[in-house]
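Protein chains: 2
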Amino acid sequence: MQELEERIAARGRVLGENVLKVDEFVTHQVDPVLMNLMGDRLAEVFADKKITKVVTLETSGIAPAIFAAQTLGVPMIFARKSKSLTMNEELLTSSVYSFTKQVTSTISISRKFLSAEDNVLIVDDFLANGQAAKGLIELCRQAGAHVEGVGIIIEKSFQDGRKLLEDMDIPVVSLARIASLKNGEIEFAKADA
Amino acid sequence: MQELEERIAARGRVLGENVLKVDEFVTHQVDPVLMNLMGDRLAEVFADKKITKVVTLETSGIAPAIFAAQTLGVPMIFARKSKSLTMNEELLTSSVYSFTKQVTSTISISRKFLSAEDNVLIVDDFLANGQAAKGLIELCRQAGAHVEGVGIIIEKSFQDGRKLLEDMDIPVVSLARIASLKNGEIEFAKADA
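Heads up: the protein sequence lines correspond to chains A and B, in order. Numbering follows full-length UniProt numbering, with no gaps: position 75 of the first sequence is 75. Numbering follows full-length UniProt numbering, with no gaps: position 124 of the second sequence is 124.
Chain A extracted, bound-state conformation (with noise of 0.2 Å):
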């Protein structure tokens, strides 16, 4: 998406090989006026798969997830880290390995809110080693619905995400590429909406 490309080339930090950080519109600082953009974008993508729920894993997602949601005209979910307090109910879990933490994380959703019947577009800000991706298909799956695909925004594509949920037979739609962070360079790779 060229507007993001855009901004990635003009705000976006490089902070090293694999990292990018994007604090001042997606991270920490949110743009809603992209975000509403890119949600709109990847509720476009998958307009023609009944998607029921979209599914984002809190903090960074909730943004972009409840966008592409409201133009897809369904509830969004975004799972949990930790178990809240009044989570009392049977719960879908997963667990995601953080590479960048070197811990595994639980992660949870009330079983209540997915189904068999449901048709679920996952959203996520970042895409890098596909480990939280993972877990939320894994939660997804868990509850018998079926995952059309993964949106992001933003992919590092010289990490094993996308290969990692290809794998699983899930396809992938992210609105910006970057093919290397080498040199404090942002370099991109073509993006696929």
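Don't read these hints as lab results, they were simulated from the structure. Wrong hints could be hidden among the right ones.
Unchecked claim - Within a straight-line C-alpha distance of at most 25 Å, the following computed SDA-like cross-link-like pairs (lysine to any residue) qualify: (1) B:Lys112 - B:Glu185; (2) A:Lys81 - B:Ser98; (3) A:Lys81 - B:Lys21.
What the hints assert, rightly or not - A few chain A residues that face chain B, going by a derived Cβ cut-off under 8 Å, partial list only: (4) Pro32; (5) Glu58; (6) Ile62; (7) Ala63; (8) Gln102.
Here a beta-carbon is modelled for each residue, glycine too, at the ideal position from N, C-alpha and C.
Since the structure of chain A is provided, determine the placement of chain B on it from the hints.
For chain B alone, kept in the frame of chain A given last:
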């Protein structure tokens, strides 16, 4: 706000005298249509306040905050409850005490996102004891920013939050006000908008 009160009456669940669970449309599964209406309504109330930033605290405040920010045409910033790996810059920080969890946590915003030029609208899903909103106000004031008001989805009016904020000279606008949750019944007070 009538649509919100109707939804709370129909789909909210009372878990004891202090807990109203709205996980079907606010805190876990989110209804983007209702959330958009609520963000619009808060934006409308503060339309003449020259708001430059909408500030919330992760996680459940993000959805109403992004819609309010969209309507106001300004960025949204979510304060973080834990330090991200790439938040290596100067931070505004404050402490938030949770009466339910009985722990004090540190919340933070990168200093570069708030300045003395800013007029801030704080948005959150719940107002109970007001500790989260107070922490956000302190962050803004550290930056010299002016807090024009606090916009809340659901206020538990039988707790002390509103008084705490009004004693700090901060206007509070709540789209639904719960007078009591006694005997498993939801009793509303007159909402602000």
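Can we keep the isoleucine 62 of chain A interface hint, with Cβ of chain B closer than 8 Å? holds, 5 Å
Is the interface hint satisfied for proline 32 of chain A? The criterion is a beta-carbon contact with chain B at less than 8 Å. holds, 4 Å
Does glutamate 58 of chain A meet its interface restraint, that is, does its C-beta lie within less than 8 Å of any C-beta in chain B? At about 4 Å, which falls below the 8 Å cut-off, the nearest Cβ of chain B leaves the hint on glutamate 58 of chain A intact, so it holds.
Can the hint on alanine 63 of chain A be confirmed by a CB-to-CB distance to chain B that is less than 8 Å? holds, 5 Å
Between the alpha carbons of lysine 112 of chain B and glutamate 185 of chain B, is the straight-line distance 25 Å or under? Given pair lysine 112 of chain B, glutamate 185 of chain B is violated - Cα atoms ~45 Å apart, limit 25 Å.
Does the structure keep lysine 81 of chain A and lysine 21 of chain B at a Cα separation of 25 Å or less? With a Cα-Cα distance of about 19 Å, the restraint between lysine 81 of chain A and lysine 21 of chain B holds, given a limit of 25 Å.
Hinted pair, alpha-carbon criterion (25 Å max): lysine 81 of chain A, serine 98 of chain B. Please report holds or violated. Judged against 25 Å, a Cα distance of about 18 Å means the pair holds.
Supplied contact hint for glutamine 102 of chain A, tested at 8 Å Cβ to chain B: violated, 11 Å
This entry does not satisfy hints 1 and 8, going by the numbered hints stated previously.
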